[in-house]
Structures are given as structure tokens and as C-alpha cells.
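Undergrad: Sequence:
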Amino acid sequence: MEVTNSMRIEKFNGKDFRQWKFQVSCALKAKGLNIHEKKPTVGDTTQWDKNDGMAMFLLTSSMELNQISLIENCETAKEVMTRLESIYEQKSELNKMMVHEKFYQYKMSSTDSIAQHISKVENLAKQLKETGEEISNTAIMTKILSTLPSKYRSLRQAWLSLDPHSQTIQNLTARLLDEEASLTNEEESESALVAMKHSKPQRKFQNHNMQKISTSGQNNQHRFICYNCNKRGHFARDCRAPKKSERKPQEQKMLAFSAEQCLQSEADIDTWILDSGASAHMSYRRDYFSELMDYGKNSGGTTVRLGNKKELVVQGCGNILINRCVNGKWEKSILEDVLYVPELRRNLFSEGMATRKGYVIIKKYNEALILKDNTVVMTATLKQNNLYEVNIKTTVQIDCNLAQSSLKIWHERLGHLNLKEVKNMSKNGAIPVKLTDDINFVCEACQYGKRSRLPFHKSCRGECEPTVMCVDL
Numbered sequence: 011m012e013v014t015n016s017m018r019i020e021k022f023n024g025k026d027f028r029q030w031k032f033q034v035s036c037a038l039k040a041k042g043l044n045i046h047e048k049k050p051t052v053g054d055t056t057q058w059d060k061n062d063g064m065a066m067f068l069l070t071s072s073m074e075l076n077q078i079s080l081i082e083n084c085e086t087a088k089e090v091m092t093r094l095e096s097i098y099e100q101k102s103e104l105n106k107m108m109v110h111e112k113f114y115q116y117k118m119s120s121t122d123s124i125a126q127h128i129s130k131v132e133n134l135a136k137q138l139k140e141t142g143e144e145i146s147n148t149a150i151m152t153k154i155l156s157t158l159p160s161k162y163r164s165l166r167q168a169w170l171s172l173d174p175h176s177q178t179i180q181n182l183t184a185r186l187l188d189e190e191a192s193l194t195n196e197e198e199s200e201s202a203l204v205a206m207k208h209s210k211p212q213r214k215f216q217n218h219n220m221q222k223i224s225t226s227g228q229n230n231q232h233r234f235i236c237y238n239c240n241k242r243g244h245f246a247r248d249c250r251a252p253k254k255s256e257r258k259p260q261e262q263k264m265l266a267f268s269a270e271q272c273l274q275s276e277a278d279i280d281t282w283i284l285d286s287g288a289s290a291h292m293s294y295r296r297d298y299f300s301e302l303m304d305y306g307k308n309s310g311g312t313t314v315r316l317g318n319k320k321e322l323v324v325q326g327c328g329n330i331l332i333n334r335c336v337n338g339k340w341e342k343s344i345l346e347d348v349l350y351v352p353e354l355r356r357n358l359f360s361e362g363m364a365t366r367k368g369y370v371i372i373k374k375y376n377e378a379l380i381l382k383d384n385t386v387v388m389t390a391t392l393k394q395n396n397l398y399e400v401n402i403k404t405t406v407q408i409d410c411n412l413a414q415s416s417l418k419i420w421h422e423r424l425g426h427l428n429l430k431e432v433k434n435m436s437k438n439g440a441i442p443v444k445l446t447d448d449i450n451f452v453c454e455a456c457q458y459g460k461r462s463r464l465p466f467h468k469s470c471r472g473e474c475e476p477t478v479m480c481v482d483l
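First residue of the sequence shown: 11, per this note's numbering; consecutive thereafter.
Note that these hints are calculated values from the structure, not bench results. Please note: incorrect hints may appear among the correct ones.
Said to hold, decoys possible - In silico DSSO-like links for lysine-lysine, alpha-carbon gap of 27 Å or less:
1. LYS393 / LYS153
2. LYS112 / LYS339
3. LYS106 / LYS117
4. LYS49 / LYS39
5. LYS21 / LYS374
6. LYS88 / LYS41
7. LYS130 / LYS21
8. LYS136 / LYS25
9. LYS339 / LYS403
10. LYS373 / LYS342
11. LYS342 / LYS403
12. LYS117 / LYS374
13. LYS373 / LYS130
14. LYS106 / LYS393
15. LYS136 / LYS374
16. LYS437 / LYS468
17. LYS374 / LYS112
18. LYS403 / LYS418
19. LYS136 / LYS106
20. LYS153 / LYS374
21. LYS88 / LYS139
22. LYS153 / LYS139
23. LYS374 / LYS130
24. LYS88 / LYS117
25. LYS130 / LYS367
26. LYS320 / LYS112
Stated by the list, open to error - The calculated label-pair distances, taken between Cβ atoms and stated as ranges, are:
27. LYS367 / ASN83: 37 to 47 Å
28. LYS161 / ILE371: 37 to 47 Å
29. LYS161 / ASP297: 54 to 64 Å
30. ARG366 / GLY63: 52 to 62 Å
Even for Gly, the Cβ is constructed at its ideal location relative to N, Cα and C.
Turn these sequences into a full structure, and let the hints guide you.
TA: So, in C-alpha cells, the structure goes:
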């Protein structure tokens, strides 16, 4: 950026408009120029025209040529500033929402000082006020305190017990600066104490013979190898590297920390990740799908290739019912054409699929906005692992979690009711399970029960008496 020589103002190039506007306002005030002063309708206007010309010259000389083309049709300095404000200080509902999200999602950086932290919060609050939203000093102080590191916990407790009339931003700033200076001095003292503890005093021998022995020992050190760091020139007792016995607990601690990080990441596997490399929406949860076309054996070898060249089998495609958060309200929606990949272990929201369906994705600061027809329909938040998590909730389909029972079991439970009636009861919800339709099912008991009893026919007896009698004596 170039800098004007007279007023030392950086030329405006379309970025950091608020800072540039503040510099220009200070320069106009120093020159005694007021661009909001109305032109007199009667009398001599020579002085007003002169002041307005000086103001326009100051404004245009502190702008780059590509920005001057935007205000070439303006005739007064006020029109120039109004045109720039309409371009770079949008007060639309979308801009209000973005400023709100910046304010409520802001967190203090570990590299910021207290003065920088308070300044950032106040600047965000000022941006909210410029959009027409009122924000109280209590909300500003709450934001400052709630985003402080844990080492300021005692100050927060002391501030809450303070008289409400004394709880002002000025008093809070003074207390925080004093606390920061006190903590800094304590940390420096602890560092100095640690340095003194680890420094080793030099031995001084009063005896001349002892001094010779010590000198001889120093010359012999170059022949030995330290068994702690495996370097020549010193003994293990004088080695500055951490001792082997001290390194093992440190390594175990790092491993435990890594395991904790892995457990935390495993706890978030049910979230949806905004992925620019995914060719389609994907999920590994079968119970998320409200409609699913199961490929089964007819998948045709459909696979998904990961970044490590590993291929996962796609077992189906369908729709998922979701709840999306828009302007603080949850609305129901449907995520269509989602691939069912059980081995994926992640839910991926494809940017490519969304853009093909007419959605626009805008990434700013720590958030991403998903728009359709200039309306925000979804948002995503940047997490600590540098991944955007889409702010949606997935509804688990109860029908998928219900135990499946065969048609045969419920046919027998209902006293061998007609199969057609059993199916109708399942569709109408009278049976609290999802029935599996057994195509080849034939109830053997019903077949026996429907049979009619055969008649017992009359038999013919002999007309004459028997002439031979056989007897076993």
C-alpha cells in the first residue's frame, strides 16, 4: 500500500475500510473540514465550495485509482463518503447475521495481550451498533470476561462480587491490565528461579595439587563418550540433555495426550464435515437414512477411493432427514443422494455436490455460509482441527432401529390371522415392528386346520355263519 506524504494516510484499496475511514475523519477534523455541513441556499457559497473541494481532494488523494472509479459521478465530499459506506458498510440482514456470529464466536488468541483482546471485542461491538443493533456494556464486559484464559479465573470471581455501579468497562480494563502485569512478573520470576536451579556452580580448588588433577580430568574428557547423549567431550553427570530416566515419563505423557486427542476425535465422528474433495454426500450410519436403495449384491463394484488410495464399497444410496440451524432456528430439510459407505467412519458433506445443485459456499474467518438464491440455508464452523463442521443435526430413523420380525411369527401370535390382515396391521402401525415378507411362507397348521374330515363308510358283513373255527388251545 502506498502512503500519502502530507497526512500519512494509507491509500484505500478496498480493504480495511473502517480503519481508513477513521484516518480520513481525523485528517478532515485536523483541517477543520466538515463534509456533513449542508450547502447554504442563500448568500455567498464560495467558502463552502472551497472547503468541499479540499475535502474531496483529501478523500480522492488517499484512494487508489481502482477505487476512484467507483465515485467519479459524485459531486460533493459527502456523496463520496456515502457511496463508499453503501459499498463497504452493508447493513443488510446477511451482514448483521455475520457480525453477530463474529461477536458471539470470538475467542481470545493465546498470542494477544489484554489490551488487544479488549480492543477486538469493542471493535466487534461497534460493528454491531453500526448495523443498527443495540448491545449493552454488560454484554461487552461479559464477552471480555468469558473469553479469558483460565489463569484469570480469580479475577472473574472478584469482579462478580463487585458493586454493580463500579462494574464499568474502564474499571474492568484497568483491573485486567494490572492482573496481566502481575502474572507476567510471576512467570518471569519462576523462569529465573528455574534457570538458577539448573545452573551448575563451578568448583574452585584451593589446593594446587587438586587443581592439577581437575585440569587433567578435563583434558581426559575428550576421550570419553557420554552414555546419555552419545556425544564426546563430557561425562553423563555434566550432560545438558535430559536424563534417560527423565525422558520416559515425558514420552508416556505425550502418548497419553495423543490418546486423549484420539478419543476426543472419536466422540465427534457423528458430525458432518464440509469436504471439498468429496464427489458426493456420504454417511456410514444406516439408521440415518429415511429412504435407502440397498445395492446388495447388485452394487456393480461401486467404490469410493480415499486419499490413501484405499477403496471402500458403496452399499446403497438414499435420503437423510436433517435439522439445519438458520438464524438461530432449527428447520427440517432433506439431504438427497447420500451414499451409504459403512467403512467410512465419517459423515461427509460434499461441496461439489452442493454447488452442482445451485448452492453457493462462502468461507470467511472461522465460518462457512451455504447460500441458495442469496439466502443462507446452512452454516459451518471451523474447529480446532482445521475442519469445517456443518451445523446440522441428523434424525435417527426409528423404523431402522426396531427389531425385525418375520411374518410367520406374527401370524402365529395373532392366532393364525389372515396374512393380508397381518400386513395391513403392520402398515397402519398396529404392530410395533417392521415385518419381513417371507414370499415362500406357507402355514402348515392352517393347511391342516382347513381340511375337512373324511366320512366313515358303512361296511358289509357276511350273510352266512362261519363253518370253520380256529382255536389255539
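Undergrad: Against the earlier hints, flag every one the structure doesn't satisfy and list their numbers going up.
TA: 16, 18, 24, 25, 26 and 29
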